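First to last, the sequence lines map onto chains A and B. In terms of our numbering, the first sequence opens at residue 1 and continues consecutively. In terms of our numbering, the second sequence opens at residue 1 and continues consecutively.
It should be emphasised that the hints constitute simulated quantities derived from the structure, not laboratory data. One thing to keep in mind: the hints can contain errors.
Remember, identical chains collapse to one label, so a pair may be satisfied in a single copy or spanning two.
No farther apart than 20 Å at their CA atoms in a straight line, the calculated lysine to any residue pairs in the SDA-like style are these [to be verified]:
| no. | residue 1 | residue 2 |
| --- | --- | --- |
| 1 | Lys133 | Val109 |
| 2 | Lys97 | Val109 |
| 3 | Lys133 | Arg145 |
| 4 | Lys43 | Val124 |
| 5 | Lys149 | Arg94 |
| 6 | Lys148 | Asn194 |
| 7 | Lys157 | Asp198 |
| 8 | Lys158 | Asn194 |
| 9 | Lys133 | Asp105 |
| 10 | Lys58 | Gly34 |
| 11 | Lys158 | Arg145 |
| 12 | Lys158 | Asp198 |
| 13 | Lys187 | Asp141 |
| 14 | Lys48 | Ser17 |
| 15 | Lys158 | Ser202 |
| 16 | Lys157 | Tyr85 |
| 17 | Lys133 | Met73 |
| 18 | Lys157 | Leu201 |
| 19 | Lys14 | Glu60 |
| 20 | Lys157 | Gly91 |
| 21 | Lys187 | Arg163 |
| 22 | Lys133 | Arg186 |
| 23 | Lys14 | Arg71 |
| 24 | Lys133 | Asp185 |
| 25 | Lys187 | Glu144 |
| 26 | Lys58 | Gln33 |
| 27 | Lys157 | Arg197 |
| 28 | Lys86 | Lys158 |
| 29 | Lys157 | Ser202 |
| 30 | Lys133 | Ala184 |
Small disclaimer: the values here were computed from a predicted structure and weren't measured.
In case you want the letters, here they are:
2 protein chains.
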Amino acid sequence: MKTEEKKRSRDPEKTRSLILEAAFQEIYEHGFQGVSIDQIIRKTNVTKGAFFHYFSTKSELGYAIADEILREMVLERWIRPLAAYKNPVQGILRRFKTLTDAMSDEDLVRGCPLNNLTQEMSSVDPLFRERLKAVMTLWIDETERYLKKAQENGYLKKTANTRQLAEFIVATEEGSFGLVKSMADRKIYTSLYNSLRDYLLSRAETEQ
Amino acid sequence: MKTEEKKRSRDPEKTRSLILEAAFQEIYEHGFQGVSIDQIIRKTNVTKGAFFHYFSTKSELGYAIADEILREMVLERWIRPLAAYKNPVQGILRRFKTLTDAMSDEDLVRGCPLNNLTQEMSSVDPLFRERLKAVMTLWIDETERYLKKAQENGYLKKTANTRQLAEFIVATEEGSFGLVKSMADRKIYTSLYNSLRDYLLSRAETEQ
Chain A
1 MKTEEKKRSR DPEKTRSLIL EAAFQEIYEH GFQGVSIDQI IRKTNVTKGA FFHYFSTKSE
61 LGYAIADEIL REMVLERWIR PLAAYKNPVQ GILRRFKTLT DAMSDEDLVR GCPLNNLTQE
121 MSSVDPLFRE RLKAVMTLWI DETERYLKKA QENGYLKKTA NTRQLAEFIV ATEEGSFGLV
181 KSMADRKIYT SLYNSLRDYL LSRAETEQ
Chain B
1 MKTEEKKRSR DPEKTRSLIL EAAFQEIYEH GFQGVSIDQI IRKTNVTKGA FFHYFSTKSE
61 LGYAIADEIL REMVLERWIR PLAAYKNPVQ GILRRFKTLT DAMSDEDLVR GCPLNNLTQE
121 MSSVDPLFRE RLKAVMTLWI DETERYLKKA QENGYLKKTA NTRQLAEFIV ATEEGSFGLV
181 KSMADRKIYT SLYNSLRDYL LSRAETEQ
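Please take these sequences and the hints and turn them into a complete structure.
Okay, here's the thing in structure tokens:
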């Protein structure tokens, strides 16, 4: 314990990240309301005192997960890779395929951590909702930014409403994770991918 | 209390329904893991003994909510009204519009009770998942049955894959409730409706 306390004082940022990551995993597995602070502490090597040094309540820890982990996850998984595509519509489809193909059987039935927290907590705690809404808004905003780029590059009809399309894409992606989670059937991702592809290509200037 | 006990023995089915309905509302508001049996009992007029006469555990109560309330809700809201449409594709779009228009501001941020329970509980408890999966499967199966009818009546292309389309419709509907819940913005329903309509009409034999 003493060594740990020393480590913490030497590298407080690392200790905080360690707690956040352990909490994220526990919550992903059991739900936010299904996890206690004691359970989270047991998954780390920190003391109760150290935990409360970083997060004064479980809610505060939950907000930090939204602000930091989920926000970064959306950017890393869905947004940043789009920069590499001349036609970001193809990038969006490719990300859906890549991310769903890569899911382990375990994560398949755990679904999307952002979706889980949103469905569980955003009506229970308005402050939680504000955080989750900010992450969702970022996802839609950034998707729209790339759809505009696709439009400028001639890969999307001039008449396409990019905001409407971005909202539909994010709703469909979250809906897909939700449905596959409940059906526990990987094949449904392929079915949903095919529909999303048909839809997006029907919005394209020319067949891709 | 004595009167209540008598009532219960006189009409056990009614008492059971009363507990189920109160539990459903409490869970819709606070999440399954956010509600205790004591909280549910306080919302009814039954004794603790009466409660345990009908449901031996909180999980058993949750399963009954899926098997009975959520199943009936899907049939009542999404499926049975389709029988009145010569073109069930129009019926599906109309239901989406009617149900989202009718949502109170409170329910808007509470979202879809089936979606909430699924995202919260289906990875936490495999027996819960089986129940929720059965409800979701019924929704997809019945949607597909009506899409086939639309196809037979010439309102959907012969080449349209009705299973794929049914899965996409349900995923989109659940994703829509999820997104609006997190954004707390009613206008997004209209945006998502427009996209779903464009997509379904592009699958139609002729413009509707």
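Cα distance capped at 20 Å. Does Lys48 pair with Ser17 within a copy, between copies, both, or neither? within (16 Å within a copy, 44 Å between copies)
At most 20 Å between alpha carbons: which applies to Lys157 and Asp198, within, between, both or neither? both (15 Å within a copy, 14 Å between copies)
For Lys157 vs Gly91, is the C-alpha pair at or below 20 Å within one copy, between two copies, both, or neither? within (17 Å within a copy, 29 Å between copies)
Checking an output row: Lys158 and Asn194, CA cutoff 20 Å. Within, between, both or neither? between (24 Å within a copy, 17 Å between copies)
Within, between, both or neither: how does the pair Lys157, Tyr85 come out at a Cα-Cα threshold of 20 Å? within (18 Å within a copy, 33 Å between copies)
Alpha-carbon proximity between Lys187 and Arg163, which holds within one copy, between copies, both or neither at 20 Å: between (29 Å within a copy, 12 Å between copies)
Intra- versus inter-subunit Cα pairing at 20 Å for Lys97 with Val109: Within one copy only: 17 Å inside, 30 Å across.
State whether the alpha carbon distance between Lys133 and Asp185 is at most 20 Å within one copy, between copies, both, or neither. Only across copies: Lys133 and Asp185 sit 10 Å apart there, 28 Å inside one copy, limit 20 Å.
If the cutoff is 20 Å on CA atoms, where do Lys58 and Gln33 land: within, between, both or neither? Let me know, please. both (10 Å within a copy, 15 Å between copies)
Identical-chain pair category, Lys14 with Arg71, by Cα at 20 Å: within (19 Å within a copy, 47 Å between copies)
Which holds for Lys157 with Leu201 at a C-alpha limit of 20 Å: within a copy, between copies, both or neither? both (10 Å within a copy, 18 Å between copies)
20 Å Cα threshold - placement of Ala184 relative to Lys133: Classified as between; 8 Å across copies, 27 Å inside a copy.
Against the hints set out earlier in the document, no violation occurs for any number.
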